[in-house]
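Using the sequences plus the hints, can you model the full thing?
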Amino acid sequence: MVRNRHAHILRRVAAGLLAALLTLSGGRAVASPGTVPYTDALGEHVAVSLPVHRAVFFVLYELVPVLGVWDRTVGVARWAYDNDLVTQSKPDIRSIPSVGSGSDVNMEALLRLKPDLVVTWTFKPEQARFMEGRGFPVVGVYPDSIAQLCDVMRFLGKAFEREDRMERAIGDMETLFQLIRQRVALIPEAERKKILYLDSKPTTVSGRLGVTNDMITLIGAHNAASVGGVRNADVPLEKIIAWNPDVIFIWGNARYGVSDLTNDARWRLIPAVREGRVYKAPEWSTWSPRLAPYALWMAAMTYPERFRDVNLDTVVEDFHKKVFGVPGKAWH
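At position 36 of the sequence shown (counting the first as 1) the number is 36 in the working numbering, and the numbers step up by one without a gap.
Hints are supplied without guarantee of correctness; some may be wrong.
As the list claims (entries may be wrong) - When the alpha-carbon atoms are kept at most 35 Å apart in a straight line, the in silico DSBU-like pairs for lysine-lysine are as follows:
#1 Lys280 to Lys90
#2 Lys90 to Lys124
#3 Lys90 to Lys201
#4 Lys321 to Lys201
#5 Lys322 to Lys194
#6 Lys114 to Lys322
#7 Lys194 to Lys321
#8 Lys114 to Lys124
#9 Lys124 to Lys201
#10 Lys280 to Lys322
#11 Lys193 to Lys158
#12 Lys114 to Lys280
#13 Lys114 to Lys193
#14 Lys90 to Lys158
#15 Lys321 to Lys90
#16 Lys239 to Lys280
#17 Lys158 to Lys239
#18 Lys322 to Lys158
#19 Lys124 to Lys239
#20 Lys239 to Lys90
#21 Lys321 to Lys158
#22 Lys193 to Lys321
#23 Lys194 to Lys124
#24 Lys194 to Lys158
#25 Lys280 to Lys321
Read the hints as simulated data drawn from the structure, not as lab findings. This structure is a prediction, so every number in the text was calculated from the model and none was measured.
Structural data, given as structure tokens:
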């Protein structure tokens, strides 16, 4: 207990010093030699010692092959075992211990692994703080925009001293973003589509906050869900019908599909459903460089006439080879 209290005090002092440095530098991160400072999604000032040798990824494990640091990854969330990109990049992924998930941490496993960096999400802040209280350097992430995702990527590039690799990945993402922007830039406002993005349930929609909303804006469309300031919201079907979206996307990991909407008489009141403009997204994380081909696919489904010459299969395979070192798989 004394050791834990001392560790807690030291972390608080370090956080205070870091905050003072940030203030004195006008908000710019100032690192001492051998550390990388970062203010995470929980507002915690974290100083990660370099180089990271023993990392645990509850989230963002799709960035491990980008960084090329499987040899420095000692623990992953159990969801990584079923991730197609991870299993391609690391066929023996089950040789890396599971530490549960960001919402139900296996603390005994974590203690045995003795990580010098833990990357988790902020769905349950108390879990992140519990791990921090046990002396682990914890970074809580929850990107709410493409820019924030790139910020997290750059931080990890510094933490693993792989900045060049991460900047190349961000550059490859930007290449696809530029392709999208060029194709949709001249779409008249009156012709821009209204997109509804459905989440874990057909009546759970992506609101006007978060990476998904950013993607909708990027591809030259409007978010049909008039739910501001939230990432997701449960709404009655009557409201969705009133929004009358032109195109509907379903989250790739949802346990329902296109036919669940097209076979439902209530959903067929929406022209997008009747006219076959409903698409099930790939089972890809939006907290990953795969966000870029994901957005390109959404753009091509929304405005097919503007992307007819783009071979999506070739794009995704080439992108995966360049960024992740594996060829990638089909969209579905």
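Against which earlier hints does the structure fall short, listed by number upward? 11, 12, 13, 17, 20 and 24
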